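K.L.:
Chain by chain, the residues run as shown.
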Amino acid sequence: MTAMLRDDRAISAPPPADEAGGPALKIDELVKRYPTGTEALRGVSLEIETGEFFGLLGPNGAGKSTLIHCTTGLARPTSGSISVFGHDAIEHYEQARLAVGLAPQELNLDWFLTLEETLDYHGGYFGMPKRERRERSRELLEAFSLGAKKDDRTRTLSGGMKRRLILARALMHRPRLLILDEPTAGVDVELRLELWQYVQRINEEGTTILLTTHYLEEAEQLCDRVAFINDGGIVAQGTSEELAGGYGVASLEDAYLELVGRKELSRAKISDVAP
Amino acid sequence: MSAGQIRFCALVRREVNRFLKIKRQTVGAPLLETFLYISVFGAALGSRIDELHGIDYVVFIIPGLIMMAWAINAFANNSSSILQQKFQRAIDDQLSSPASPLELLLAFSLGGFLRGMLVAMFTFTAASVLVDLPVEHVLVLIPALFLVGFFFAQLGVLVGVRAEQFDDVSFAQTFVLQPLIFLGGVFYSASLLPEPFQTITHFNPVYYMIGLVRYGFLGYTETNVALSLTVLSLATLALFALNHRLFSLGYRLRA
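The listed protein sequences derive, respectively, from chains P and R. The letter at position 124 of the first sequence is residue 124 when you use my numbering, and the numbering goes up by one with no holes. So the number in my numbering is just where the residue sits in the second sequence, counting from 1, plus 275.
Derived from the structure by calculation, the hints contain no laboratory data. Only a predicted model underlies this, so the values are computations on that prediction, with no experimental measurement involved. Treat the hints with care, since some could be wrong.
Here are the simulated lysine-lysine pairs, BS3-like style, with alpha carbons at most 25 Å apart [stated by the list, open to error]: (1) P:K263 <-> R:K296; (2) P:K130 <-> P:K150; (3) P:K149 <-> R:K298; (4) P:K26 <-> R:K298; (5) R:K361 <-> R:K298; (6) P:K150 <-> R:K296.
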């Protein structure tokens, strides 16, 4: 592992809770129907407590990204409500958006900008004054071992560096709720473990985290609680142990396979038949 | 500065920074183009054309060239910037920020507006050095140029938001915008055209825009200045209202 967190300063340390209060994320009866008629979310309700590390698991097309997009304003819900720390996230979204940091699945960096500009503009969009932006971006670039590259354009970065920059950008405005949409999809083992360390530390520093992932081991390792989403609805939630217990199986993975109706794939069975 | 002001400045800075980073293409190329027009049409052909309505030919075409520079750059900047950001999904960074639809629309509009203004100002300065360019009605000229710039900035935003591929943007520019501008009488006076082309020209909105700008510089016009200004203002307002509606709905920006 070459690029580890380089200093001991807090990289997230979100601002203290404001007066509105309420759970970090509260979703009620959320429905999202696309113009094509596809119903990506069919009345999802979900609550994430402040300080939690929460995992959202489900197969491709289950509605994970749609749920995240509805929360961050990238998709318009058909009906239902979303609040972030008690602030409405759909109509009067300003306070809610300020509280959320999004690290999307796609490496959606702007080719024209340097690393420092990427963070600086993001801070600007979230209303941070210049001096604060400068200090914060320097701190994050150092923390994510990107300081030497600060004046390079983002397109010159390797995949791993882009991933780290996306995480830094999401943290730039000190969000109290960090949303990670499949942060480790397609990354190598070193970067995956590195990202795990980053996000674990961010969570310990007080930031609530919502993580979507395909990797059950990742959810098991990181998350306090997990929800299974399938076909646009939450079908089960709890701790890994609770979920496994609920399905009468030994691991989160087996519980997941029960959920998607593919229990014949269970690794327990593979080892049964192995010589 | 309040958080809202910081936010709006950052949104505009991003747009201006983008075109300044590729200024050879976004400012240099249009300037060169304008100079080529002036030298080919003004110096080479103009010596044979003499005067139009008592005005030197090269002087006659410069107001149209300045307007065209502003219009095309405002359009091209906004349509490509928005499409490119949609393409990379980098625009999600702005869309998931606390910025309102109005702030986003204004910031995207201003990028092209300011680029067009920059090119137009360079063109004006250079033209003033080369020829004796009068400014007869500054109180018509400034609002006319600002309205034209803002109108095409809005049009660029609209095309950029609607576009799904780069071909959509270049199609609009090559097959719609350029012909309208060229045939609107940048290089000639429509009154010299034979029928039915003279009448057809009267259905081209750009004809009235050029009329306004030419009146502002030279004091010469074939069109009704007050009516043109009114209609242009209303058209710009209507386009802005449409864009604002689309931004509020998240049309092709938010799923």
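K.L.:
Of the hints given before, which are not true for this structure?
P.N.:
1 and 4
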